[in-house]
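Order-wise, the sequence lines are chains P and S. According to the UniProt record's numbering, the first sequence is numbered sequentially starting from 1. According to the UniProt record's numbering, the second sequence is numbered sequentially starting from 1.
Worth flagging that the hints you see were computed from the coordinates, not collected in a lab. We treat Cβ as the ideally placed atom computed from N, Cα and C, and that holds for glycine. Hints should not be assumed to be uniformly reliable.
As the list claims (entries may be wrong) - Going by beta-carbon spacing under 7 Å, a handful of chain S positions derived as facing chain P:
1. G201
2. G285
3. Q613
4. G614
To be verified - Label-pair distances were calculated between CB atoms; the ranges are:
5. P/D318 - S/G60: 41 to 51 Å
6. P/E230 - S/G57: 36 to 46 Å
7. P/Y131 - S/A470: 32 to 42 Å
8. P/K175 - S/G405: 24 to 34 Å
9. S/G405 - P/E236: 48 to 58 Å
10. S/S486 - P/E222: 50 to 60 Å
11. P/P317 - S/A131: 36 to 46 Å
12. S/D397 - P/K175: 27 to 37 Å
13. P/D241 - S/R494: 53 to 63 Å
14. S/A131 - P/K307: 34 to 44 Å
15. S/V162 - P/E243: 42 to 52 Å
16. P/K175 - S/L51: 17 to 27 Å
17. P/G116 - S/D397: 49 to 59 Å
18. P/A240 - S/A52: 25 to 35 Å
What the hints assert, rightly or not - Here chain P is said to cover these stretches of chain S; the calculated rule only asks that three of the stretch's residues, wherever they fall, bring their Cβ under 8 Å from a Cβ of chain P:
19. 90 to 98
20. 202 to 213
21. 448 to 459
22. 586 to 600
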Amino acid sequence: MRRRTIAAATAFGLLALTGCGAADMTRQSSPYADAHGTRTVTLSVQSWVGAQANTAVAGYLLKHELGYRVDTVQIDEVPAWDALSQGRVDAILEDWGHPEQEQRYVADKKTIAPGGELGVTGHIGWFVPKYFADANPDVTDWKNLDKYAGRLRTAESGGKGQLLDGSPSYVTHDKALVRNLDLDYQVVFSGSEAAQITQIKQFAKEKKPFLTYWYKPQWLFEQVPMTEVELPAYKEGCDADPEKVACAYPHTPLRKFLNARFADGGGSAAEFLKKFRWTTQAQNEVALLIADRKLSPEEAAERWVRKNESVWRAWLPD
Amino acid sequence: MSTTATPAAGAGAALTGVVARHRSALIGGAALVALLLGAVLLGGGSWPARLAVDLSGPLGDASDWIIDNRDSHPLFLYFFGHISNAVVLSVRAVYLVLLAAGWAGVTAAAGLVAWRLAGLRPALTAVAAFAVCGLLGMWVPTMQTLALMVVAVAASVLLGAVLGLAAGLFDRVHRALRPVLDTMQVLPAFAYLLPVVLVFGIGVPAAVLATVVYAAPPMARLTALGLRGADAGVMEAAASLGATGRQRLLTARLPLARKELLLGVNQSIMMALSMAVIASVIGAGGLGDRVYQALASVDVGAALAAGVPVVLLAVVLDRVTGAAGERIGAAPARGTGLGWAVAAAGTVAVALVGRFTGRLSWPDDWTVDIAGSVNRAVDWMTAHLYSGIPVIGGTADWAARFTHGVLDPVRDGLQWLPWWAVLLLVGVVAQLIGTWRTALTAVLAMTAIGVLGVWEPALDTLSQVLAAVAVTLLAGVATGVAAARSPRLERLLRPVLDVFQTMPQFVYLIPVVALFGVGRAPATAAAVVYALPAVVRITTQGMRAVDPVAMESSRSLGATGWQQLRQVQLPLARPALLLAVNQGVVLVLAVVIIGGLVGGGALGYEVVFGLAQGDLAAGLVAGAAIVCLGLMLDRVTQPAGKESRNA
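Please build the complete structure, drawing on both the sequences and the hints.
This is the structure we're talking about:
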């Protein structure tokens, strides 16, 4: 009897504690947000440095010009969409194109709102170091790649040439490409961009040839100049079926996305993030400061902001 | 075929020889018969496709269903949603309290609590540790991690204590829970991430829950152990004095189990802390996220600056709870209440001073930048050690040689073996070291891997584990033996081992890439670094514990140092060495999986891929396979006597 009373009391207590009602799964903000009565914006920062540059500059201006507190969380691309939909982050500043997620969250669930273009155009491709391309000009055509497979062999590529791929989170069709173009290459995933960059730098230091999946804009080009290998030209829809892709990657205008509720009620922060729009060159400048000069993102942003007031003035809400 | 299996059986037989000579002969005979039968009936080849089940379809559907129904289905609105909100609310509450206390208040509180619980030296360590966190410019992330930790540890301790209480009081619960808890403790932290992400999505709630699942089992185990170990005489006396069941529990059993309870809290804290960093992959924020972000820009220095506070938190919490556990045995000091009052008053006073002088957040100009100098050191290392060193070659050459000479043959060998021969091998080795029960579990776990359809990648992971374990054991046992013989060496090693055991595994992923390139070699190297301290420790302790009389008598018989070691110490320390193997295997697996982030490939990569692409189906299958692999490796290396020693 007594035990039952206790159980009932506990159940009641739990219900009372949780307010009896339904929990809103679309308002799952970060526990670290809005401490001390500050207004907080939580930005998703993806693992590559270009994305860090976006968030660093946007964060710096939000903090110093608009008086927000800014939290950043590192999340991979696809999960970031989900976090954005749940309100765990307020904005993604650089999206490389995820049609499936866009359909699901923007069109169907309406929990995410488009935030306009970032002003930077992204392009993925296969690259060889410039010193290698200069010595062997025909390597930049995919048809000649097999000729060099032997020279690109490594311990991990199992007797074939190595095509170095990066983080598993990035958009890639490389396995299908190698198969469909019938190349004598093995895709070796380095598992993270950090690992891939480290490996590329090591190769470059010894002037060894390599073939890698890489993308523009990217600060590493300033340190290790690379030349793109031409794949069969991209045509609209040729990458529709991931298994049958046999063409190059498209040039993608990078876009911003905001949590729908934040886009409507986010005040000057939302307005600012919608207006935020810069250039490939500016992004590279900040990214290089972070990754190469090892400045903290905050310091790098500060330097850029000091020099470019005319650019960012236009982003501030009226 | 028989040539591949018999040497393993032979080596195992030598190990077990003295104890059960005829038993191992029987096992060997049975294995030989099974080999012949298998070769005739089943033939060769990898795991047959018709025996595998493809789960990616149903799992993918489940994942889609959850995302589509999360905002509307009652299960989420009335259950998971509340759990998630409760976690967010509590983490937020703790975080706000920490921020309100300011850096001075938190540091003072840490020092005073440590002083009351553990004494003056731990108190000074605590104050210094928090000051360093601030100096490194990591104050806010440290508080975020601390807030998450406080909630996760509180929940783990509560959950663990309830489970442990049930297991301690009721035999049936104990029998049911024990294998589950034993298993949970050997699983790599990475495998826990996916299921919670599936339900809760990326973010703090998922991170806290994964941490709780990871950190609660030791508390439950130790609570049950303490309750069951209560002195029968005391219990009898309490009963004869007419105490009711509850009185006996509260006044006799629980107080008697104080030591185990505190040890449980200690272990929960350490597990939670190691998970807090790994959980940054699923959005835990705080220090782990800083490490993770720094790795993205290959900034070892910044990663270290965020990693050091984790190590410091771990050292402080470990020392304080450890010392508190030792003190609890002693008689309660007088004036305890007064001491606590002083501590509380001191904290409030410092916090108020901080508040009114407007110094709540750590002053920006009080920070030291270590990232630059660390990065210069790392650059120098990679520039000078990577390749082209005369005679010994550079680290890259070693990595290539290790990959070609060890990893490739082991992997190809395992994958070349017919699937049933692998099962047989697993069973025989487990049987030789343990019991038929451990052998059965191991074989079943391996079978499950085949059924899940990830046989090849699992064997790839297994080959990396085997190679890393071999290196770890060679280096670890040698160092352990040396440390056991030279107290000075042991004193020198202790702080190093402390640091390496608590360092978040992420931090040394990048230096190993810089030294060994991308691939399986760096993954194995990181695993060796991680598992080495535990193996060194256990070996040293085992060698130390060898009966001095036996040592003395062998010396009086004129044995040289080497003979003593080989013929007295090592055989007598055999249980400790087996335990070292067991621990080494478990720890190596945990890091080989994380090695998926640096090109380790195989199962670890599939989990990373699943998390990164939101393709939970692929990740969950790989996660389940990792669980099975962990189970198999633990059971295969579990000595028969382990149960009696642990219980």
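Quick rundown of the hints versus the structure:
1. G201: With a closest approach of 5 Å, the S/G201 hint holds.
2. G285: With Cβ-Cβ at 6 Å, under 7 Å, it holds.
3. Q613: Because about 5 Å separates S/Q613 from the closest Cβ in chain P, which is inside the 7 Å limit, the hint holds.
4. G614: holds, 4 Å
5. P/D318 - S/G60: 41 to 51 Å: holds, 47 Å
6. P/E230 - S/G57: 36 to 46 Å: At 38 Å between Cβs, range holds.
7. P/Y131 - S/A470: 32 to 42 Å: Holds, at about 39 Å.
8. P/K175 - S/G405: 24 to 34 Å: holds, 28 Å
9. S/G405 - P/E236: 48 to 58 Å: With a Cβ separation near 49 Å, S/G405 and P/E236 satisfy 48 to 58 Å, so the hint holds.
10. S/S486 - P/E222: 50 to 60 Å: Distance hint for S/S486, P/E222 holds at roughly 52 Å.
11. P/P317 - S/A131: 36 to 46 Å: With Cβ atoms ~41 Å apart, the hint holds.
12. S/D397 - P/K175: 27 to 37 Å: At roughly 29 Å between Cβ atoms, P/K175 and S/D397 fall inside 27 to 37 Å, so the hint holds.
13. P/D241 - S/R494: 53 to 63 Å: holds, 59 Å
14. S/A131 - P/K307: 34 to 44 Å: With a Cβ separation near 36 Å, S/A131 and P/K307 satisfy 34 to 44 Å, so the hint holds.
15. S/V162 - P/E243: 42 to 52 Å: holds, 50 Å
16. P/K175 - S/L51: 17 to 27 Å: holds, 26 Å
17. P/G116 - S/D397: 49 to 59 Å: With a Cβ separation near 51 Å, P/G116 and S/D397 satisfy 49 to 59 Å, so the hint holds.
18. P/A240 - S/A52: 25 to 35 Å: holds, 30 Å
19. 90 to 98: holds (count 4)
20. 202 to 213: holds (count 4)
21. 448 to 459: violated (count 0)
22. 586 to 600: Holds, because 6 residues of the region 586 to 600 of chain S bring their Cβ atoms closer than 8 Å to Cβ atoms of chain P.
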